[in-house]
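For the record, the sequence lines run as chains A and B. When you line the first sequence up against our numbering, it's residues -12 to 295, in that order. When you line the second sequence up against our numbering, it's residues 354 to 869, in that order.
Treat the hints as calculated values from the structure; they're not laboratory data. C-beta: ideal position from N, C-alpha, C; glycine also.
Taking beta-carbon pairs under 10 Å as the criterion, some of the chain A residues facing chain B (in silico): (1) Ser41; (2) Ile136; (3) Val239; (4) Thr254; (5) Leu260.
Covered, in the sense of this in silico footprint (three residues per stretch, anywhere, with C-beta under 8 Å from a C-beta of chain A), are these stretches of chain B: (6) 395 to 404; (7) 480 to 486; (8) 553 to 563; (9) 570 to 580; (10) 591 to 600.
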Amino acid sequence: MSIRFLLSRLTQVVLTILLLSVIVFGLARLTGDPVALMAPAEATQEDMDRLRTSLGLDQSLAVQYWRFVSNAAMGDFGTSIRWNEPAADIILERFPATLLLASTSMLFGVLLALPVGILSAVRRDTWFDNFGKVVSLAGQSMPTFWIGIMLILVFALYLPIFPTSGYGTGWHLVLPSIALGGYVAAAIMRVTRSAMLDALEADYVRTARSKGAPERRIILIHALKNAAIPIVTIIALQSATILRGAVVTETVFAWPGVGKIAVDAVTARDFPLVQAAVLFMGCVFLLMNLLIDMLYVVLDPRISYARR
Amino acid sequence: MFTYGPRFARAATLGIAMLAINSLPVDAAPEGEIVVAQPLLRQQFDPTAMVATTDFLTFDMLYDGLLNLTDEGKKPALALSWEISEDGKQFDIKLREGVVFHNGDPMTAEDVKFTYDTVLGPENTHSYRQAFANSVERVEVLSPYEVRIVLKQPWPAFFTSVRYSPLGIIPKNYYEEVGPKEFLKRPVGTGPFKLVDQQAGEWSRFEAHEDYWGGAPDVAVVTQRLVSEPFTRYAMLERGEADIAMGLTGPLLERIQSNPDIKIVAAKYSGTSALHFSRTEFPESANREVRMAIAHAINREGIAQSILAGVCESASSILTPATFGHLTGLERISYDPEKAKQMLRDAGIEEGHEVSFSIHTQSFGSLPNAPQVLEAIAGNLEAVGFELDRRPYETGAWLAMMRAGNQTGIFYGPSSIPDDGGETINGWFSSKSVWSSGNVNVPEYDEIFNKQLMEPELEEREKLIQSFARMEHERLEAVPLFWCSTPFAINSRISDWTPGVGSGYHLNLDKLKLAN
Chain A
-12 MSIRFLLSRL
-2 TQVVLTILLL
8 SVIVFGLARL
18 TGDPVALMAP
28 AEATQEDMDR
38 LRTSLGLDQS
48 LAVQYWRFVS
58 NAAMGDFGTS
68 IRWNEPAADI
78 ILERFPATLL
88 LASTSMLFGV
98 LLALPVGILS
108 AVRRDTWFDN
118 FGKVVSLAGQ
128 SMPTFWIGIM
138 LILVFALYLP
148 IFPTSGYGTG
158 WHLVLPSIAL
168 GGYVAAAIMR
178 VTRSAMLDAL
188 EADYVRTARS
198 KGAPERRIIL
208 IHALKNAAIP
218 IVTIIALQSA
228 TILRGAVVTE
238 TVFAWPGVGK
248 IAVDAVTARD
258 FPLVQAAVLF
268 MGCVFLLMNL
278 LIDMLYVVLD
288 PRISYARR
Chain B
354 MFTYGPRFAR
364 AATLGIAMLA
374 INSLPVDAAP
384 EGEIVVAQPL
394 LRQQFDPTAM
404 VATTDFLTFD
414 MLYDGLLNLT
424 DEGKKPALAL
434 SWEISEDGKQ
444 FDIKLREGVV
454 FHNGDPMTAE
464 DVKFTYDTVL
474 GPENTHSYRQ
484 AFANSVERVE
494 VLSPYEVRIV
504 LKQPWPAFFT
514 SVRYSPLGII
524 PKNYYEEVGP
534 KEFLKRPVGT
544 GPFKLVDQQA
554 GEWSRFEAHE
564 DYWGGAPDVA
574 VVTQRLVSEP
584 FTRYAMLERG
594 EADIAMGLTG
604 PLLERIQSNP
614 DIKIVAAKYS
624 GTSALHFSRT
634 EFPESANREV
644 RMAIAHAINR
654 EGIAQSILAG
664 VCESASSILT
674 PATFGHLTGL
684 ERISYDPEKA
694 KQMLRDAGIE
704 EGHEVSFSIH
714 TQSFGSLPNA
724 PQVLEAIAGN
734 LEAVGFELDR
744 RPYETGAWLA
754 MMRAGNQTGI
764 FYGPSSIPDD
774 GGETINGWFS
784 SKSVWSSGNV
794 NVPEYDEIFN
804 KQLMEPELEE
814 REKLIQSFAR
824 MEHERLEAVP
834 LFWCSTPFAI
844 NSRISDWTPG
854 VGSGYHLNLD
864 KLKLAN
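Kindly generate the complete structure, drawing on both the sequences and the hints.
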C-alpha cells in the first residue's frame, strides 16, 4: 500500500466531508424556519426577530455557512438550540452508546449468520437451506422499525422477558441488538452461503476429501478459510450499514445514541445539532470505508494499491 | 487467515459480560417515583427566557407564578390577593409569606420585581416579552411582601390568560450569583419539585420540594423521559416502566380502551379549532351562506366519536367552556349534507367547484389525529360537491405558510391555549391578527377587541367577549370544529390525578396521588 494511495484517499475523504457539510447546511435550511417552529403561536414578529437574532439566524446564509465550517474545523459545532449545550459534546457523549449497540448487533448478526450460512451451503437444497433462504430474504425485506416494534410486542409485552426500551443494563441491549443485528445477518448469511458453495466445489476440497480428511476439518479449515475474503468484506461493509440502521433502531428503543438525537434534532429544527450529528456520522462512515479498503490488502495478498 | 483483532475481541467480551453480570431487568419504578414518557422534552429551565408553551411542562414543576394554572383554572399562588386601581393601571399585590426557594432562601417582593424586570429587559427573549413590555411600566417593591405593578395601559388579561401571571418567579440573589447560563443547568424556584439531574435530550429528574407552600407532593421523584416512538411509550406504560404516557393517538387509544389496567386522564379543553377561509383564494367564501353550507357539510359528531375516539367533542363556538368569555347555550350547527348542497346551489356554487385545502400532516395538542380528521373533513366537503386541491404541510411548513399569509382557500386554524377569549380574537378574528392574515375584517370585532383590552372589570370584560361569541355565532366568519382535550394514559399505580384545565402542558403533578 503506497503512501500515495493513502494520501489520495484522504484527500477524497476531506473533499467528501466538505461536500457533505454544504448538503447538510443547505438541507437543514430548506425545511423551514426554526424560529417559526419554536416560538409559540401567538408570539409577535418582534418576539420572533429577537429570538432569531439571539440564535444567529438573522445573518446571511453565506455568513452562517462560513461560521459553521470554520468553527467546525476547530471542533466547535455551535450550541444546540434545543438543549443549550455544545452540539459536539452531545454527539460525543452519545457515541459510546451507538458504538456499543453497533458492536453487539454485529456480534449477534455474525454469530447467527455464519453457522446458518455455512450449514446452508453444506446441506444445499435441503429443508434447512430453504429455511435459511426464507429467513434471510425476510430479514432483508422487513423494515427495522417494524421488527423493533414486533420484538417489543412479543418479548416485552406478551412474554415480559426484556425491558421495552431504554439503556442501562445488558438486558436493555438484547432487543435492539436483535432488531439491528438481524438486518445485517441476512446479508452476511447469503454471502457466506454462496462463498462456501464456491469453496466446497474447489479442487483443493476434492483433494482433501480424497486424502480422507475429516468432513468437519474440510468445512471449517479448508473451505471456510478460503471463503473468508467475501465474508469479511460483507461484514466490514455491513458495519457501515449498521450505523444507518442505528438511527431507526435507536428511535424505536429510545436508545440514547447519536441516531436518536439526530432524529430528535431534525424534528426540532435544531440546526447545529443536525449538522454535527450528520457530519460526525459521515466522518465515521468515510473512515470505516477507508479502513475496509486497507483491510483488503492485509487479507488478500493478491490485492495491491501500489502503482505498477 | 482472518483473526479478530484484540480490540474487537475486547468489545465483544464486554458486550457478553454486560449481559451476564446484570441479573434481571428492573420493571416498575421504585415506590414514590413516577416516570412520564413524553414525545417531547423541554430542558429550557429559565422561566424568564420561555421559548414555547411546552416549556410549562417543566416550569410548572420548578416554579410558581403569582397565579398558577390548576385543574380548577387559575388560582392565587405566590400572590395571596390583589387590588386593581380604578383606572386599571395599577395592580397592588400581596404576596404569600413563608414561601421558600429550593435553596432555602425566602421568596420576597424583591424576587418578584427582579423576575419581571428581567423579562422587561431589552435583550430578553421571553416569547411573550412584547406583551409584557407593551403593558408594564415598572414594578415597585412596597414592602417585603407587597409589590405594585404599574401599567402603561389596563391589562385585564394578566389575570385571565395563562401566558402572563403564571410567569415563574426566580430567586434574585441566586440568579445574580450563578448567572443565566449556570441557572439553566441548576435552576432554583419555589415550585413543588426541584431539578436533581438531567441528560440533555434524554431525561430530566425532579425531586419533591419538601417545604413546598402548598404541601409536599405525594410523588417523591418524577422522571420526564423523551421517547419519540408512540408504540414504545405505550409499551413502557403497559409493562410498568412508565406511569404516564403522553401523546398517544389513533389505534393506540383503541388499544388502551381494551386494557383494564390502563386508563385515560384528560386535560380538558386544551385545544379548539375552526375552519377559516381565504378571501383571495376562495372569494365565494365572503358569502355567509357558503360558510354556513360548509358548516352543515361536516360530520363533527361522527369524526369526534370515530377518529378522535371521544378525546374531542363537536364545538358550538370557537371559545371552549373553559375559555374566559365562553357563552353557554349556543346551538351546534347540524350535520345536514343535503341542506349544504342546496345552500351551495343557491349561492351559485357549481358541482366540482375547485378549492385548495391544507392538510396538516402532524398531530398536536389542539387536534390529536389531525391528518385523519382533516382528510375526513375533505371527504365531507367533496361529498357536497367541492373538488379539493389538497395541500399537505408538516408543522414547520404550515407555520411558515400561515405567517406569510399564503393560506389555502379553506384552512384549518387551531388554538392550543384557548384560555382567554380576548387572545382568541387577537389571534384569529381581529383585522390585524397574525393567523387570519386580513381574511377576517369585521369592524365590530376590532371594536370589541380594543374595548376588552382596556376593561379593568372582569365581569364587564367577560360580557364583551361573550358579545363577540354571540355575533360570531351569527356571522360564522370561521366554522367551529372541535373542542379537544389532551389525553394522558396512566397505569394503576396512579390513583388520582387531574391535569390543569385549558392547556395540555400544565400537568399538576404535585396533586397526583399514588395508589397505596
